[in-house]
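K.L.:
The primary structure of each chain is shown beneath.
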Amino acid sequence: MTAQSKPYSSTRQAALLLLPTFVVLVAFLYYPGIETFRLSLYETLFLGQQTAWVGAGNFVELAGSATYRHSFLITVLFAAIVVVGTLSVSLAISYMLFHVDVGSSTYLVAAIWPYALPPAVAAILLNFILHPNLGIFTHYLELLTPFTLDWFNSGPQAFALVAVVAIWKQLGYNVIFLVAALNNVPDTLSETARIDGVGHVRLLRKVYVPLISPTIVFLVVMNTIYAFFSTFPLVDLLTSGGPSNATNFLIFKLYRDAFEFSSLGLASAESVVLFVLVAVLMYVQIRISDEYAQYGA
Amino acid sequence: MATTIESTTSRVEQFGRRLPGKLWIHLGLVGSIGLMSTPLVLALVMSTQTTSEVYQVTNVGLGSQGLDNYWTALTEYGFGRYMLNSLVMSVVIVVGKVSLSLLAALALVYYELPYERAVFMFILLTLLLPVPVRIVPLFQLMADLGWTNTLLALTGPYVASATAVFLFRQHFMSIPASLVETARLDGVGPVRFLFSVLVPMSRGMIAGVCVITFIYSWNQFLWPLVAVTDKSSQVVQVGIRYIQGSAQSGLTQWGLIMAGAVLALLPPLVVLLAMHRPLLETFAIQQK
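Taken in sequence, the protein lines are chains A and B.
Taking our numbering, I'd label the letters of the first sequence as residues 1 to 297.
Taking our numbering, I'd label the letters of the second sequence as residues 1 to 288.
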């Protein structure tokens, strides 16, 4: 809309309309956001009673800490697994939803319900079903295979469990976007491909995935942010970061350092690291979607 | 007549040729959705069992507790209170976020605003600041304001949103200019313009933002855990943490925990099922 056709011109009224949003954003987002950077330069002493300037000291401490480096590495690995796992499963489900002829809207609603699933509930449900002693899934798994499920004591199993819960919970969100993207693919394209007798897997890989790649990039970014930030309840309710730090992801370590050990300065430095990560991801997302917008893919 | 028969046979043939493929799709969908929903079904069943019934691992029949576990969770384990707190928190966030964002979008789209782009960027840039990035100072701020353990702490930081402003702005810009022109010529004031033109024309979008915000607020866990330490002010997601802790003395009362989990899941699930249409439409715009 051009400036000419804008019906109202009072700058004061406009400012008044923007004021509530600005007050909330400044007070609860910008101010604490900037404060995080300031606090990250201080060391907290005596359980938060006193602070002392340490400059980059907290960052040096993080870089030198084997626990933090471990936490960083397993979080990156975890995010990669969650992103790939979520996208593969939801792509398969979305492709079927895209092709189904009867009852497609019922199927769609049934497939996106995990979008409403609270992470805490997701954690507690799978905690029960995969419980090493009581889980019904555990029971049949151990009956039918030589495998023993014991994520109380096995680090890799605990890691895998949290990943499974994280993927399960995130399927609905991904299916919503993938189905919408597939429905935007021109019919003629898939018709042509089908006449050529191309199999479904190849069709998906060679035709659909390239066509919906802007959506896939968007989901990679959203799923990565989700894996880094939103999996706190899963760790908290399933493994408490254990066994022996196998699931001590960055967000969980941050919470512990801040609110259990009262190392507010160190925790703020950890927040700064997370900020850098979000900033990079958002930048990638914007750059790539710009490119697609320009070249019309 | 002949053509009708011909086309019917060809359609039947086509159907026959297609059936195996389509059948596989139905089986695949039923299978994957079934797998996705099994934990929920099992939770529903187990929530009706007594602790000793739960401990018979392969017993997947409805238990003898009926809805007693739900009643116990609601009354003795504080879930009634937690559910109410979650509901109040979510409704306040939904109403606050939608109102504030509508006003901001009105200013951005329909006012000749100096530095309009900068103002919009200032709002959008907050996307870089999710709660974990500012959790320590935010926690301290709540303590300084005396908001710890209050509804204000749970809702205040969430009532403004870059995403909602962005969505309403996009939607307003798609409203035909002729309508706006008519309003301008009639000398309609901004408040009436908002309520008699914009809101009625944005019903679907407002509904979509409401659903997304409600589910998002209801499912919050980390911030309530940090901002609220007093159990009577706590929300139901953290209530799950409490019930898991307190049901663990002796034989874990899994039936009770499952009842609590089902309670904590029901409101967002019902909202999603009832309002999936505006939700899907709103998401379709968000990604662009």
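I should point out that these hints are in silico values taken from the structure, not numbers from a laboratory.
The beta-carbon is built from N, C-alpha and C at its ideal position, and this holds for glycine as well.
Keep in mind that the hints are not guaranteed to be accurate.
[What the hints assert, rightly or not] Okay, derived cross-link-like pairs now, SDA-like style, lysine to any residue, Cα gap no bigger than 20 Å in a straight line: (1) A:K6 with B:F195; (2) B:K231 with B:V45; (3) B:K22 with A:A92; (4) A:K206 with A:A92; (5) A:K6 with B:V88; (6) A:K206 with B:F193; (7) A:K206 with B:E76; (8) B:K231 with A:A110; (9) A:K206 with A:L189; (10) B:K231 with B:V88; (11) A:K6 with B:F193; (12) B:K231 with B:S178; (13) B:K22 with A:K6; (14) A:K6 with B:L185; (15) A:K6 with B:E76; (16) A:K6 with B:S52; (17) A:K6 with B:K231; (18) B:K231 with B:F120; (19) A:K6 with B:D186; (20) A:K206 with B:F120; (21) A:K6 with B:W147; (22) A:K6 with B:W71; (23) B:K22 with A:S105.
[Said to hold, decoys possible] Coverage of chain B stretches by chain A, computed from C-beta distances (three or more under 8 Å per stretch; other residues unrestricted): (24) 40 to 47; (25) 67 to 79; (26) 231 to 243.
[Unchecked claim] Anything over 12 Å on all C-beta distances counts as not near chain A; from chain B, calculated: (27) S64; (28) A104; (29) N149; (30) R184; (31) G189; (32) G204; (33) A261; (34) V270; (35) V271.
K.L.:
Next step is simple, just say for each hint if it's right about the structure.
P.N.:
Here is what the structure says about each hint:
1. A:K6 with B:F195: 17 Å, holds
2. B:K231 with B:V45: 28 Å, violated
3. B:K22 with A:A92: Given pair K22 (chain B), A92 (chain A) holds - Cα atoms ~15 Å apart, limit 20 Å.
4. A:K206 with A:A92: It holds: about 14 Å lies between the C-alpha atoms, which stays within 20 Å.
5. A:K6 with B:V88: At roughly 38 Å apart (the allowed maximum being 20 Å), V88 (chain B) and K6 (chain A) break the hint.
6. A:K206 with B:F193: 49 Å, violated
7. A:K206 with B:E76: This hinted pair is violated, its Cα atoms lying about 57 Å apart.
8. B:K231 with A:A110: Since the Cα atoms of K231 (chain B) and A110 (chain A) sit roughly 35 Å apart, the hinted pair is violated (cutoff 20 Å).
9. A:K206 with A:L189: 12 Å, holds
10. B:K231 with B:V88: 16 Å, holds
11. A:K6 with B:F193: Holds: K6 (chain A) and F193 (chain B) sit about 13 Å apart, inside 20 Å.
12. B:K231 with B:S178: 54 Å, violated
13. B:K22 with A:K6: At roughly 52 Å apart (the allowed maximum being 20 Å), K6 (chain A) and K22 (chain B) break the hint.
14. A:K6 with B:L185: 12 Å, holds
15. A:K6 with B:E76: 58 Å, violated
16. A:K6 with B:S52: 69 Å, violated
17. A:K6 with B:K231: 50 Å, violated
18. B:K231 with B:F120: Given that 20 Å is the threshold and the Cα spacing comes to 39 Å, the pair is violated.
19. A:K6 with B:D186: Satisfied, since the Cα-Cα distance of roughly 14 Å is no more than 20 Å.
20. A:K206 with B:F120: 39 Å, violated
21. A:K6 with B:W147: 41 Å, violated
22. A:K6 with B:W71: Violated, at roughly 57 Å.
23. B:K22 with A:S105: 16 Å, holds
24. 40 to 47: Coverage by chain A holds here, the residue count being 4 at a Cβ distance below 8 Å.
25. 67 to 79: It is violated: at least three residues are needed, and the segment 67 to 79 of chain B offers just 0 whose Cβ sits closer than 8 Å to chain A.
26. 231 to 243: holds (count 4)
27. S64: 18 Å, holds
28. A104: Since the minimum Cβ distance to chain A is about 4 Å, A104 (chain B) lies within 12 Å and the statement is violated.
29. N149: 15 Å, holds
30. R184: 4 Å, violated
31. G189: 9 Å, violated
32. G204: 15 Å, holds
33. A261: 5 Å, violated
34. V270: The claim is violated: V270 (chain B) sits with its nearest Cβ about 8 Å from chain A, within 12 Å.
35. V271: Per Cβ check, V271 (chain B) is inside 12 Å of chain A; nearest 7 Å; violated.
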